[in-house]
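Order-wise, the sequence lines are chains A, B, C and D.
Be aware that the first sequence starts at 18, since it is given in this note's numbering, and climbs by one per residue.
Be aware that the second sequence starts at 18, since it is given in this note's numbering, and climbs by one per residue.
Be aware that the third sequence starts at 587, since it is given in this note's numbering, and climbs by one per residue.
Be aware that the fourth sequence starts at 26, since it is given in this note's numbering, and climbs by one per residue.
Keep in mind the hints are simulated off the structure, nothing from the lab.
Here a beta-carbon is modelled for each residue, glycine too, at the ideal position from N, C-alpha and C.
Accuracy of the hints is not assured; some may be wrong.
[Unchecked claim] Taking lysine-lysine pairs in the DSSO-like style, the calculated list, with each CA pair at most 27 Å apart, reads:
hint	chain 1	residue 1	chain 2	residue 2
1	C	K931	A	K153
2	A	K153	B	K239
3	D	K256	D	K150
4	A	K239	A	K151
5	B	K153	C	K641
6	C	K988	B	K239
7	B	K298	A	K239
8	B	K151	B	K298
9	B	K239	B	K151
10	D	K28	D	K154
11	B	K153	A	K151
[Stated by the list, open to error] Which chain B residues face chain D? A few, computed with CB under 8 Å, are given here:
hint	residue
12	N220
13	A223
14	S273
15	F323
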Amino acid sequence: MTMMTASDDTATKQAKRPSVDFKTIGPALALLILCVIGFMLNPAFVSEGNLTNLLTRSAFIGIIAVGATFVITAGGIDLSVGSMAAAIAGVMIIIMNGAVETMGTGLATVLLGCGCALVLGIGAGWINGALTTKGKIEAFIVTLGTMGIYRSLVTYFADGGTLSLNFDIRGTYRPVYYDSFLGLPYPVWVFICVAICGWLLLNRTAFGRYCTAIGSNEAVAKYSAINVDRVKTLTYVIQGLCVAFATIIYVPRLGSASASTGVLWELEAIAAVIIGGTVLKGGYGRIGGTILGALILTTIGNILNFTDLISNYLNGTMQGLIIIVAVFLQRSDWKLGKSK
Amino acid sequence: MTMMTASDDTATKQAKRPSVDFKTIGPALALLILCVIGFMLNPAFVSEGNLTNLLTRSAFIGIIAVGATFVITAGGIDLSVGSMAAAIAGVMIIIMNGAVETMGTGLATVLLGCGCALVLGIGAGWINGALTTKGKIEAFIVTLGTMGIYRSLVTYFADGGTLSLNFDIRGTYRPVYYDSFLGLPYPVWVFICVAICGWLLLNRTAFGRYCTAIGSNEAVAKYSAINVDRVKTLTYVIQGLCVAFATIIYVPRLGSASASTGVLWELEAIAAVIIGGTVLKGGYGRIGGTILGALILTTIGNILNFTDLISNYLNGTMQGLIIIVAVFLQRSDWKLGKSK
Amino acid sequence: MNVEPATPAAIIEAVNISKSFGPVPVLFSVSMDVRPGEVHALIGENGAGKSTLMKILSGFHDPTSGQIRLDGEKTALPANGGAESLGIVLIHQELNLAEQMTVEENVFLGREIRSKGFLDKAAMRAAVQTYLDEIGLDISPTDRISDLTIAQKQMVEIVKAVSRNARILIMDEPTAVLTEEETDVFFRQVEKLKKSGVGIVFVSHKLNEVKTIADRVTILRDGQWIDTRASNDLTPDMMAQMMVGRELSDLYPPMHEADIDAELVLEVDNLVAPGVGPVSFALRKGEILGFSGLIGSGRTAVFEAICGLNPIEGGSIKLFGRDAGPMTVAAARDQGLAYLTKDRKEKGLLLDKQMQPNLTLFALPKFVKNFGLDRKAEEDALNRAIRRFDVRAKDRNITVGKLSGGNQQKLLLAKIMECDPKIVIIDEPTRGIDVGTKQQIYHFIAALAAEGVSVVVISSEMPEIIGICHRVVVMREGHITGVLTGDHINENEIMRYAAGLKREDLQ
Amino acid sequence: QDKIKIGVSYPTPTHAWAAGMNWHAEQAEKRLEALYPDVDLILVNSSDPEAQASALEDLVSVHQIDALVVLPFESEPLTDPVLNVKKSGAWITVVDRGLSQPGIEDLYVAGNNPELGRVSAQYMKGRLKDGDNIVVLRGIPTVIDNERFDAFMAEIEGSGINVLDHKHANWNRDDGFEVMQDFLSRFPDIDAVWAQDDDIAIGVVAALKQAGRDGDGMFVVGGAGMKEIIKGIMDGETLIPVDVLYPPAMIATAMDQTVAAFKSNGPVAGRYILGATLITPENAESYYFPDSPF
Ligand SMILES: Nc1ncnc2c1ncn2[C@@H]1O[C@H](COP(=O)(O)OP(=O)(O)OP(=O)(O)O)[C@@H](O)[C@H]1O
Ligand SMILES: Nc1ncnc2c1ncn2[C@@H]1O[C@H](COP(=O)(O)OP(=O)(O)OP(=O)(O)O)[C@@H](O)[C@H]1O
Ligand SMILES: [Mg+2]
Ligand SMILES: [Mg+2]
């Protein structure tokens, strides 16, 4: 019997590994293919400048998508992230501009702005979470509602126009987006940190396990002494925090916020999460995949800027096709299933 | 024993009924409250003209939402409906304009256009369905992809601008939107027909039951010898068909289609479905609720146009708040639970 | 009964069936046939491959080798329940109902009665009502499955199967969640079907039932066919022995008298909760307290309220002498109070996850080291649990949903015990467990009690309650109708309290 | 490889005006590339400010452009990204929406938003009398919309004309139609509508006709110069009697001038502000481009 078990074990390992690995490397493979296509279209694709741009750009969606991974893993959804980013950016700018008189245009003001952003992110996330759990309203409706609310608030604050950061503060704040450390721009470092923290949190802590359990079966989670409402609320808070981080590195890029800031980020973030292999219905989340998903999405946009072979109008078509094909390739365990 | 049981039975029935009813009348109540608010803001709200406008306007989202009820009940989601409507409208216009030379500007051309719309709707729905079921790609990703594809196709066809229907055909086609029958505009009649058919299909046929079963538990459905893939594909086809109907009554309104046609209709349709009490994760669908949900959404927009009490910029805030509150009120079975 | 002058030809035959999941073999050349009008029981240890064989017989799995013969002809059964059209109906071991749908909708799922293209709901409701009446089930066709108790769900499964005019009815542990009363009702249905010529396959771990109802018995061990015999030639003990391959000693451990002076660890006073009238009782250290009663008598509801799973509407609870008002589940666990659910599929285990995350989920804070999870400790815990509870999984990384039913139950027990509770409430401890393992579990419970852990056993299996409990509380309709001790713990007494024929005023 | 590379970046057309602009840009590309074989124009459009900022980065890092013609999605957010392009040494031409920081661009070509509002208001004042009622349908809440609206309101101030209410119709026919429907239900007496944009105006007219309130001298003023509207003006349409020009061809002007900066010897720099001409039946002919999609 013992021998049986041992041989069984190795046998299953051989059988399982490839399919498991394929699902894991699927997104990586898709990204690789995209990069090859990019290189063939224009060798400048792999120039250091372009790769840096690409990574930096992925940071926004990537950071938000890390948060979304938690929400989705625990069986929720958050449609409000794009608007939330716009609203946080708006309030940050108002606060920093307002603080110029008393605090000057130095680091202190910028830190104040960042602090407020974090507080707002946590607060906004908490509102989403509390309405979902305590209010027992579907996450879809709650976040659709707050999406409209945050978006219109930023329009209101900006009086329909654009809120712009004081020019001098911009000077202080600019390096956060544009400067590099060890060859990598700061946003990329933030992205890396958020990704690592997210990965540890999801895969190496009790909290992450709870998220997965809740997404997998809420009743079982409840019976397993998990405070379901609290964990779910926390996932939204994490999402809010991630949005705040993304906003903190976004504001110095364009120095402004308006009603059109962050439009459709929610869809991009969710798409990144799902391209990465997380299951939309919850119960299974992969931070690593999410990161790759965000990179894939950014790369698609980047590649389309590389060529004028296709009518600009068809960008959306290409984007849609690539997303579908990327996910299709990755999901095709059936191939292995057949050959086995 | 028998007596005991009997009394138990009535007891549980008494306890159950009100909560069930409350869930059913919840959306109706929310709509009623909105109407009262509308009336108080401006008595013109209940003028015949306004009510007719309101109903006619609800028809688009309402018809699409009927289709969405099927998709969501069966555990899927369709984000592509807005873009699909735009693309179908665009192709319809191109075809009708093209047919003028050979077929003239009479009814035949309009019917040709409508026929094409239906074929396109069915085809587009089938593509979504097949990619989801045969391709085994998450519905969210598939329809996010086709959303981008259809939207960019219509932009392409319209060269970024607007496709306009030939002026003479417009004359023939106009009545479909603007004329009435027994005091109700034709779009409202179409809406009523679609709603009744949808209701019958969902509640009175085996197909409707299969949708519910699949959404509730796909394995159970499969083990009951239900052809899960076919039923799921059919829900997307129905969705496509509904989009086609909505487009057929949309085109004669302004006789044009552009890249901004149907933007965000997908979210509105899904919101209508969920406000109406259908469960986003599938397994429970209510056509009646969906109709009310569509009416609620349209009424909110209408009411906001009826008052200048609130800054225009805050429209989105009001909309978001009302949606959340409407759903909250409707979900609050806890009230009844407490009082018991 | 079984003089069989001329045995009728088998309706369905499995010939030399082997089955592997991937590289893991679970059945080795097993043969079995079912004749019209017979009840053919299939018994074996947990994980022996009974469910797998049943699924192959009804087309849900394809055999890796071997063949199925229907009416003597080699057939490839249609997949996914399509075999119903051939008259082969399977009641799955795992409940197979759509939770959000109603009883009527479930019963007729996939073969709705239609008139003019539309559903004939009235006809279907009437039909379901007839079946429900026949089987004595007190629910309405329009009730939602999610509102039913697990036993009611099982009865609905039975109704569903019975309503399908089967030639072959295969039932995988239909009685596991039923009380004896319900089992009797159910057996009357089986007899009726048998008379009408239906061939019935019956899987159960309750060997007395097998003895009662079966005409022939096939025994599987570790995926191997051991024997097929007329049930008249077998006694339950013989069956048990053939299943486990060794002589079984006493099923129940010797009863140690409880210390009646031991401290009270749990005192419940006039507890009111959903489905529970005021109830009062107390539990001592090291005591095994049985809770008996009919389906829906509120036993589960009492403990779900105590453990923080359901709201409490009144009364007080004392834990170890201290007031413990309404607690969260986590607080209850931290104070040493743990509840093991009877619904392992919906509330007990994450079916799409592997064993290890399931095992440690309940006691997860114990595995936290430096803010992270101690994966080594988790791994060790799994090794320990597999040994201690004899969880038989041929592949450790298998998702729990693919474990055999009994092994799921063992894993669930292991999961709850992982937090080292001082009071453990076990709801239906041996649901779907084979005799050999049952014995282990009973000894395990007795050992726990001997160590000073207090155990509450909620069970619908009367012998089990009688065999291991020091004291038995009987409930009826949310109220405690009697508390039995010593010699009073016998089937007669319990039944009288449970059925409401006798009632004692407590305190 | 010695080609002069000129990047042209503007928002993805989602409404008719932008489509017209796109058409003019493509025409100009063909014309200029045929004329100067050593000039390569790269047209990129982007769906939001974010994407446009990214596109600008890509134009520099991948295409290494020598000059940039940019119609910013919004002024504020694109100021820094354009500044970065400037730092790479490229020539900068800004179209339509000025950057929020002066001195970045070498050349500025624009329409005049406040002027559009003002001209519209002046026309209203000319046709309406004290006590008449108008409603206003605005665009998408943006700086452009604010500039137009504020100028309009400032001009109308004190004229005795009542602005009953103003709502956003998002430069969109559907919204124009629905908002106007509701205005009509709400206000029994409306004498004129300022729709600000021709797309909105088309929706407004449909709503007026539906309600049968398109008679008695009621009129609608749109804006931008859509060819159908101009055709209508030429034909003496009374419901939309005039239009206020906001020419989409400005991007072509900008491209011409930018190429000229490399190709001609004369100095090319400064500001070209195109007026917001009032198009009337008298001058309509000269603003009518039947081939343009706009
Ligand atoms: N889908 C599957 N994939 C892999 N292994 C499986 C699958 N289904 C069952 N098994 C394995 O096959 C073996 C036999 O399981 P089966 O369910 O037939 O046992 P059983 O005799 O019904 O046991 P029980 O009495 O506990 O229900 C078990 O080891 C189980 O883990
Ligand atoms: N949260 C609740 N709200 C209302 N009624 C409830 C609730 N929980 C349980 N009940 C009712 O209380 C009664 C007792 O159910 P319970 O499951 O506790 O019985 P049981 O004795 O454990 O039965 P079984 O034999 O099925 O295990 C049932 O009629 C059930 O419907
Ligand atoms: Mg089994
Ligand atoms: Mg070119």
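Hints versus structure:
| no. | hint | verdict |
| --- | --- | --- |
| 1 | C:K931 - A:K153 | holds (24 Å) |
| 2 | A:K153 - B:K239 | violated (31 Å) |
| 3 | D:K256 - D:K150 | holds (24 Å) |
| 4 | A:K239 - A:K151 | holds (15 Å) |
| 5 | B:K153 - C:K641 | holds (25 Å) |
| 6 | C:K988 - B:K239 | holds (17 Å) |
| 7 | B:K298 - A:K239 | holds (19 Å) |
| 8 | B:K151 - B:K298 | holds (21 Å) |
| 9 | B:K239 - B:K151 | holds (15 Å) |
| 10 | D:K28 - D:K154 | violated (60 Å) |
| 11 | B:K153 - A:K151 | violated (35 Å) |
| 12 | N220 | violated (32 Å) |
| 13 | A223 | violated (39 Å) |
| 14 | S273 | holds (6 Å) |
| 15 | F323 | holds (6 Å) |
Hints 2, 10, 11, 12 and 13 from the list above are not met by this structure, while the remaining hints are.
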